[in-house]
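**Student:** Residue strings, one per chain:
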Amino acid sequence: MSEDLDALILRVRDLPHDRAVAEVDAFFGSLPAEAARALAESRPEQVGPLEGAPPELRYRSNHLILGAAHQRLHALVESRDATLAQRRRLATLTAMLQPAGKRLEVDADGNRVAVDVPRQFLLVDPEGQGRMIEVQGDLRTARNIAVLVPGMNNDLERVRSQSVRAKEIGEEAGPGTAMVVWLGYHAPLGLTEGRSTESSRAAAPLLCRFQEGLAVVRAPDAKVTLIGNSYGAQVVARAMLEGARAHRYLLTGSPGVDPSITSAAQMTPPGTELFAVARSRGDYVSYAEQHGPDPASFPDVVRIETDNAQVQITGHVSYFDKNSESMINVGRIVRGGLDAVTLAARTTPEEETRLLGTSWAGPLRTLGQSKAAVPISKAYDGLAALRTVASTPSRKTVLDGARRARTQEGPER
Amino acid sequence: MTLTEARDLLRAELLAVAAAAVPGYEGVVTHDVGPVNPAVLSDGSGPDTICSITVENGDPSVTDPAGELAAAVAALTSRGWRTTVAPVENGHHRAAAERDGFQVTVHAWDNEWRLTLSGETPAIPE
Chain D
2 MSEDLDALIL RVRDLPHDRA VAEVDAFFGS LPAEAARALA ESRPEQVGPL EGAPPELRYR
62 SNHLILGAAH QRLHALVESR DATLAQRRRL ATLTAMLQPA GKRLEVDADG NRVAVDVPRQ
122 FLLVDPEGQG RMIEVQGDLR TARNIAVLVP GMNNDLERVR SQSVRAKEIG EEAGPGTAMV
182 VWLGYHAPLG LTEGRSTESS RAAAPLLCRF QEGLAVVRAP DAKVTLIGNS YGAQVVARAM
242 LEGARAHRYL LTGSPGVDPS ITSAAQMTPP GTELFAVARS RGDYVSYAEQ HGPDPASFPD
302 VVRIETDNAQ VQITGHVSYF DKNSESMINV GRIVRGGLDA VTLAARTTPE EETRLLGTSW
362 AGPLRTLGQS KAAVPISKAY DGLAALRTVA STPSRKTVLD GARRARTQEG PER
Chain U
13 MTLTEARDLL RAELLAVAAA AVPGYEGVVT HDVGPVNPAV LSDGSGPDTI CSITVENGDP
73 SVTDPAGELA AAVAALTSRG WRTTVAPVEN GHHRAAAERD GFQVTVHAWD NEWRLTLSGE
133 TPAIPE
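Protein sequence lines, in the order shown, are assigned to chains D and U. So in my numbering, spot 148 of the first sequence is number 149, and the numbers just go up one at a time. So in my numbering, spot 37 of the second sequence is number 49, and the numbers just go up one at a time.
In case anyone wonders, no lab produced these hints; they're calculated from the structure. Keep in mind that the hints are not guaranteed to be accurate.
Claimed, not checked - Okay, the calculated bits of chain D under chain U, using three or more residues with CB under 8 Å as the criterion: (1) 122-128; (2) 156-168.
As the list claims (entries may be wrong) - Computed spacing ranges between beta-carbons, pair by pair: (3) D:P221 with U:R94: 43 to 49 Å; (4) D:R73 with U:S73: 28 to 34 Å; (5) U:E17 with D:G129: 19 to 25 Å; (6) U:D71 with D:R73: 43 to 49 Å; (7) D:A36 with U:R94: 56 to 62 Å; (8) D:E57 with U:N123: 23 to 29 Å; (9) U:E17 with D:H75: 30 to 36 Å; (10) D:R88 with U:A98: 41 to 47 Å; (11) D:E35 with U:G113: 53 to 59 Å; (12) D:A34 with U:E17: 46 to 52 Å.
As the structure is a computational prediction, the values presented were derived from the model and not from experiment. Where a beta carbon is used, it is the ideal one built from N, C-alpha and C, also for glycine.
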């Protein structure tokens with residue numbers, strides 16, 4: 002059986018994505034349940050990341066990978082040989098092994114019960130900067146599935162905040178939604194790497210294969226939305242150019258697709274239900290057009306509104322702010338309420354002059370694409386690293402404080 | 013206010029409103045992972061300055077999204093929150109609330125007995 006799996010992995014590696022996942026699906030479909038489970042447990046490194054394999058088996062394999070990595074690091078920390086980075090990674094893996102939260106259900110006797118929701122991973126790569134693909138919800142029964150592709154500076158430590166945002170998108174989209182946080186690639190760490198398309202070009206085929214793998218496990222009538230933000234939009238766009246399969250696509254805060262791409266028609270695969278973009282006022286990343294013309298300026302694009310009377314957002318960091326029109330529109334798109342999506346009425350020239358009374362986007366574009374951008378990027382990366390290190394201890398303080406407080410007050414997590 | 017105090021305040025508010033919205037049932041905290049980075053989707057490099065908490069409540073034998081949402085909004089208003097109720101949209105009953113930089117969203121759905129209250133603290137650097 003193990004040899005058959007090795008042969009399968011070798012055979013499908015260079016096949017077109019749809020044929021590869023179909024072969025993997027057929028292989029596991031032919032196995033008795035016990036044998037498939039045994040394979041997931043005896044060969045987790047092979048089954049865990051294998052697109053087309055049943056998600057339940059991959060969850061099990063990736064849990065074992067996580068547990069083994071946790072055990073190794075724990076031993077290192079106990080022996081006092083661990084570096085600071087290894088100690089941080091141990092804390093990350095510990096959190097990844099905890100339940101994601103709780104859910105209200107009804108038991109067999111009709112009583113309401115709160116049950117633990119385990120974390121589910123379709124990929125765990127605990128080495129280096131790390132990669133992971135997390136699923137919230139049930140991929141097999143969901144009516145709507147959204148795949149969220151994070152951008153620059155997301156590693157295994159920092160991606161946990163993405164899981165929280167994904168949870169909130171799922172709440173906006175409503176019951177019957179499954180969310181996927183797809184950090185299946187090595188995101189650029191810093192502006193210097195972010196100026197290159199090396200990461201997005203490497204990520205595109207991985208995302209394409211993931212989308213095909215999704216197609217064999219989801220319900221036939223389930224709709225898939227692919228969301229890319231910032232550098233994640235560059236990844237999604239590159240994958241779209243390679244035919245990544247989804248029903249709806251949403252790019253927010255895009256740094257551009259490619260210098261040759263100037264319209265939605267050039268990049269939307271056949272059968273696309275919606276290709277939408279969001280650009281808030283003053284989004285310097287979109288205006289800089291680091292990787293090509295901003296999709297928000299394409300003549301044939303659907304551009305969603307980001308502001309409402311309650312919450313106005315500005316800049317690059319707020320597309321998923323709570324109660325913003327942007328976030329509400331994301332929920333509408335994911336659940337297929339496309340008739341309710343609100344569209345931006347502002348024009349590009351209006352936005353470009355908004356902050357300083359004169360157009361600053363032109364000079365920003367010139368600067369972003371000039372040689373001077375390299376030292377500027379390096380200086381920014383240095384500052385960003387300082388901000389992150391400075392923030393690290395705060396989480397423990399708050400968690401400890403909150404736990405102490407709750408012990409006295411009563412309510413439990 | 014520290015982030016710890018903000019987090020505890022938000023939990024208490026969400027639980028109180030959840031209990032007021034569903035007679036006879038207490039709300040359950042379903043998500044509360046501690047501080048996260050609000051700007052994470054842009055570049056992930058910022059500090060963890062907000063807490064996001066979700067509370068669910070509901071009576072499995074009762075499906076009354078409009079009534080429960082109205083009760084939640086009334087409870088929020090009486091506790092000093094500024095509320096906005098959105099028109100029902102494809103079975104989605106939704107209200108937003110704001111107080112002192114805290115944001116809350118209440119979701120209820122046709123054919124769904126669970127009421128979801130989701131809140132976020134303002135950004136508070138430690």
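**Student:** Now tell me, hint by hint, if it's right for this structure.
**Tutor:** Each hint tested on the structure:
no.: 1; hint: 122-128; verdict: violated (count 0)
no.: 2; hint: 156-168; verdict: holds (count 10)
no.: 3; hint: D:P221 with U:R94: 43 to 49 Å; verdict: 44 Å, holds
no.: 4; hint: D:R73 with U:S73: 28 to 34 Å; verdict: 49 Å, violated
no.: 5; hint: U:E17 with D:G129: 19 to 25 Å; verdict: 37 Å, violated
no.: 6; hint: U:D71 with D:R73: 43 to 49 Å; verdict: 47 Å, holds
no.: 7; hint: D:A36 with U:R94: 56 to 62 Å; verdict: 59 Å, holds
no.: 8; hint: D:E57 with U:N123: 23 to 29 Å; verdict: 27 Å, holds
no.: 9; hint: U:E17 with D:H75: 30 to 36 Å; verdict: 33 Å, holds
no.: 10; hint: D:R88 with U:A98: 41 to 47 Å; verdict: 45 Å, holds
no.: 11; hint: D:E35 with U:G113: 53 to 59 Å; verdict: 54 Å, holds
no.: 12; hint: D:A34 with U:E17: 46 to 52 Å; verdict: 50 Å, holds
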